[in-house]
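**Q** Chains as they are written, first to last, in this note's numbering: chain P, 2 to 108; chain C, 14 to 630; chain Z, 198 to 705.
FYI, nobody ran anything at the bench for these hints, they're computed from the structure. Backbone N, C-alpha and C define an ideal beta-carbon position, used for all residues, glycine too. Incorrect hints may appear among the rest.
Derived DSSO-like pairs: lysine-lysine, alpha-carbon spacing no greater than 30 angstroms straight-line [to be verified]:
#	chain 1	residue 1	chain 2	residue 2
1	Z	K311	C	K178
2	C	K122	C	K382
3	C	K122	Z	K590
Partner residues are not named here, just some residues of chain P that face chain Z (Cβ under 8 angstroms, in silico) [stated by the list, open to error]:
#	residue
4	F18
5	T20
6	L31
7	N56
8	P59
9	L63
10	V76
11	A79
12	V83
13	V88
14	L91
15	R95
16	A105
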Amino acid sequence: MHAIALNHYLIVAALLFATGFAGVLVRRNLIIVLMCLELMLNAANIALVAFARFNATPEHPLMDGNAFVFFVITVAAAEVAVGLAIVVALYRRRSTVMTDDLTALKK
Amino acid sequence: MTRTLLTILLSPLCAAALIALFGRRRGRLSAAISVASAGLQAALTLFLLVGGGWDGSTFRDTATWLTLGELQIDLGFYFNQMSALLLGVVTIVGFLIHVFAVGYSDDDKARGRFFGGLSIFMFSMTGIVLSENLFMLFIFWELVGFSSYMLIGHYLTDVASAAAKKAFIVNRVGDFGFLLGIIWCFWQFGTVSLAELPQALSASPVAACTLTFIGLLLFCGVMGKSAQMPLHVWLPDAMAGPTPVSALIHAATMVAAGVYLLGRVAFIFNPQALSVILAVGLATAFLSALFAFGQTDIKKILAYSTLSQLGFMVVAFALAGGSEGAATSQFHLTTHAFFKALLFLGAGSVIHACHHEQDIYKMGGLWKKMPVTFVTFLLATLAIAGVPYLSGFFSKDAILLLAKHANPAAFWLLVVTSFLTATYMGRIIFVAFLGKARSHAVEAAHESRPDMLFALVILAIGAVLAGYTGLYPHALASYLEANIAEPTHAEHASMLLISAILSLGGLLAAFFIYYRPGKNTDTFEKAAPGVYGVLREKLWFDNLYDWYVRAVQQRVANLVAILELVVIQGVLVRGSGGVAGLIGLAARRAHTGSLNTYFYWFAAGVLAFWLTTSGIL
Amino acid sequence: MLTQAAETFRSLAPNGVDWSSIAPEIALGVWALYVLLREAFRKPGSRGAATFTTIFLLLFSLLCVRNAFAIPAGASASFFGGMIEQSRTTELLRAFFLFSGFLTTLLGGTLLKKQGVPQAEFDVLILLATAGLMLLAQVRDFILLFVALETMSISMYVLVAYIRHSASSLEAGIKYLTQSGLSSALLLAGIALLFGAAGNTALPGACADPFSFRELRVFIFLNQGNAFVLGGAALVLCGLFFKIAAVPFQIWVGDVYQGAPTPVTAYLGVASKAAGFVLLVNVVTGPLLPLRGVLLPLLSAVAILTILFGNLAALGQQNVKRLMGLSGIAHAGYLLMGVCAAMALNVDWPIVAVYFYLFTYLLASYAIFGVMSVLSGEDDSAQTLNDYAGLMKRDSFLGGILAVSLGSLAGIPPMAGFVAKLFLFIAAFTAHLYWLAAVGLFGVVVSIYYYFNWMRVAVFVPCKTEDEVEAGTLKAAPIASGFWLRTVLTTLALITVCLGFWQGFLAL
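Work the whole structure out from these sequences, hints included.
**A** In structure tokens form, the structure reads like this:
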């Protein structure tokens, strides 16, 4: 029976991050792109919390790492709120949420 | 002292600012402001030179402008006998030309702009004269270039704006070399201060080759500003500007700035550099004198004459180098400023009287209608031809004497050039002033306003007397006498003879060739159309540059355009076949405007950064 | 009761907490709330708070400049447990951001009226973004860095998409949001890696506070080969390079600059880029300085690519907003040159040169964007060079402002831009970064071409209606612009010229 160690958390975080990045790269739907971005932020959150938990010692409690996560969650929420609002407004004008169709600005 | 110099430097700048603020629509006001500032400059300069404001010693005062780590750039004045001489020339000739310009520009609608430009020019030119270091000098160097650009294009015609553009671009070519020279100089010696460079030079021995390069790079600036071959093409075109501008900037002062720069950094040129400079100067002096025969526009003839005389000055410097070469060239610069400004103003007086007719074959018989202009123009012609005991005689003799001692080949080339000078100047006199009027405009000509004549007369006095160093303020006289080679008694007689023969012979030749009252064709052109054609086309220098721009520069531009097309359009957008992999995939769609493709840039960036920091890449 | 609460509050706070140290940021936030509330309860037809906001920002900016010179040079103070550090430089940077906020609201007043969108929310967002930017000037800690950066970014997303009825504005907004979001995620991942490495007590010099720049620097110095440290540094740089739009994180610039409302484009191009540089400077000369051996070649390569990409992409560009954006990439390249020099030499004066360049860039850019706001037509994103044809004749004032500012951007003496470029090149030469300087010079030459092309169009190309104007059948459309805008544009141009002659106050 192995205890779950720091590395396990980090591997999960890395996988999540990679999934998010890959999704951003290949998915065409803006809403999914936004979700993938959230995934990446949360991957970083997992890493932060895991580091804070496993590196902590009585002298260095590293509570900052945990506190930071709450800021990130707030920021992510704000980001996604703005993002969805723009997507909705855009959908009203263009009737699409696909990145392929949003190419009015180019050259 | 500092305060006086500062006032001399800044008064035209204040004038320009005032004109910009209040004078744009008030021509008379701006003329008054501009002339007043030039007058103040001249008065203060006279105070320094003859009024006891300066004791003749070298004066230096600097203030730190900015410090960058170990680099410190100063602003300041470095005022010695040589700068005093040029300051005198610039302010006094400048003032007279301002006075003349008031009358000349009375029918100009954009008078405010014109005088504003003149004042900016006076500011920048004074700055060049007084600059303590090469960096500061370069700033003013660019500023005179800018004001010259503004004033050449003053009339806003196509020809004028093309000429202004040409002058600007050709000067940029020269200035690029100049700037490289300054940077290299700083690199090598750790200073660009004109006062400290000589010590730095002797303290740190550098390879001859390096020194030659630095010298030649600095000379690039001279080639641009003083219009030496092959960068001379802009000066004849610059005659599209108003005539007082041609007189002030493109004859008397700005084009002389290059020669002045040579004198300022005389210590940096080694024999190798000097031999190149000599060749350039000789080519300019001789070929320009030839080209003058191919022109019929009075201002263009004078422009080629200016080129030729600038060639003389450069040759004078290159023959001896050091302080001797500097003084000899400055001496010719001074006399030339007087008689050439006079020639241009005389031409301006004629052009003004003939309703902007500039072709000498449309003039004729002007001596009766404009006696004062004629007499002063004649004096200037005799002076430039080198007729004994006029100003040009002394300075040109000094150059011939130097050449005779140093370089016989150069001597003979200069002798021929002097003869040609007398001939083409005689051509103007015989065709334009003597004989009979060849057009109605010229028949109706009348003498110019008294204030314009005032400037002509004063300059004429200068053109006659500027060769007598005994009349100069003591500090300047001692400078010139100490540094210019004095001929021995026997030499004196022979030089006198040579000069008399050259000048009078040249004028006589002009009389026999060109004095055909009433005829309006060029005798020489008729006799030898082939040679004349070559001269008129100025050895195709302009055509060569045009060809270069069309054939080479345009092609390179086209090539770049094609590359842009291929690389950006072809490879990045459409070239799917050749470029494989992630970056190719990202790059192919780089400019589609689609978000996903943009994310690939991020992926590539993250990858590249990570690999680099991890030491794999 | 209240005193007791305050007392409790104070006792809760860690050492070094001094709320007055961030009073300007708090004031901005409070003012933003006030504007929002006032707008909510405003009677239709009554005046909004826009004018006051503009004046407020300007006065505040001047106040910060005054404060800056009250602080002795070289002195610095830490607050909030070392999270922020204040010195004369940070105070001047605050003034810089306040000033750009002021200019943005001013331009906003011109443009938004034309587009028929309300200004109150615009001002609120500018205020909040400015507060974030001001904090960024002072951060010495990765938590606050991230939070302040996002405060700025999220306000910016809304601002970019502010013209809600314009599809291009919205498109630019979502493009900026997603790409900026991605860069934030990269930055955050980098911070997490650094945090993880620096908190590890098994490694030498493990930090008690692994987010603090000061402690991280010591740790990184002792663990230069650590994979987490290196990867973290790379990711943090990715995040920052997005903000300054350096290759390869520059691809968003063209689209977003074009689609965003012109004042926001200016704000993005100047304030956001400046914040990116402030952070970059503080990070690479702070915690990441021990990695100089690895990072200097990387930054130099990025600078070279950035200069090349920006200039080459701007060549032949017809849309002026894209032109400003793409050429702005090149400017980021020159600035990176200064950052590289600062890293290589490990001295402060190239940093001052970078900040000075940013200030001259602010002057010139805002002047140009001001002219663009005035000229902007129905579709704000479709401003092309053709719109500038004959500008000199139609309105020589705007033409003159444009000439001075383009000259400054191109680095033509005697404008300030020339001196600023000169400083950066001197810095690069002093640091022996010859290749970088050579590419930079090449870039400057190329940039003269397209900036002058713009000028050429404004001066020499006749405008479409000109023939009719001359025939007297049609009057040239008068170009309307407010008195205050003109005054401010004149001031910007004047400062540009004056700084070209005198920079003695710069203690370089």
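**Q** Run every hint past the structure and note whether it holds.
**A** Status of each hint after checking the structure:
no.: 1; hint: Z/K311 with C/K178; in the structure: violated (39 angstroms)
no.: 2; hint: C/K122 with C/K382; in the structure: holds (27 angstroms)
no.: 3; hint: C/K122 with Z/K590; in the structure: holds (17 angstroms)
no.: 4; hint: F18; in the structure: holds (6 angstroms)
no.: 5; hint: T20; in the structure: violated (12 angstroms)
no.: 6; hint: L31; in the structure: holds (6 angstroms)
no.: 7; hint: N56; in the structure: holds (4 angstroms)
no.: 8; hint: P59; in the structure: violated (11 angstroms)
no.: 9; hint: L63; in the structure: holds (5 angstroms)
no.: 10; hint: V76; in the structure: holds (4 angstroms)
no.: 11; hint: A79; in the structure: holds (5 angstroms)
no.: 12; hint: V83; in the structure: holds (5 angstroms)
no.: 13; hint: V88; in the structure: holds (6 angstroms)
no.: 14; hint: L91; in the structure: holds (5 angstroms)
no.: 15; hint: R95; in the structure: holds (6 angstroms)
no.: 16; hint: A105; in the structure: holds (6 angstroms)
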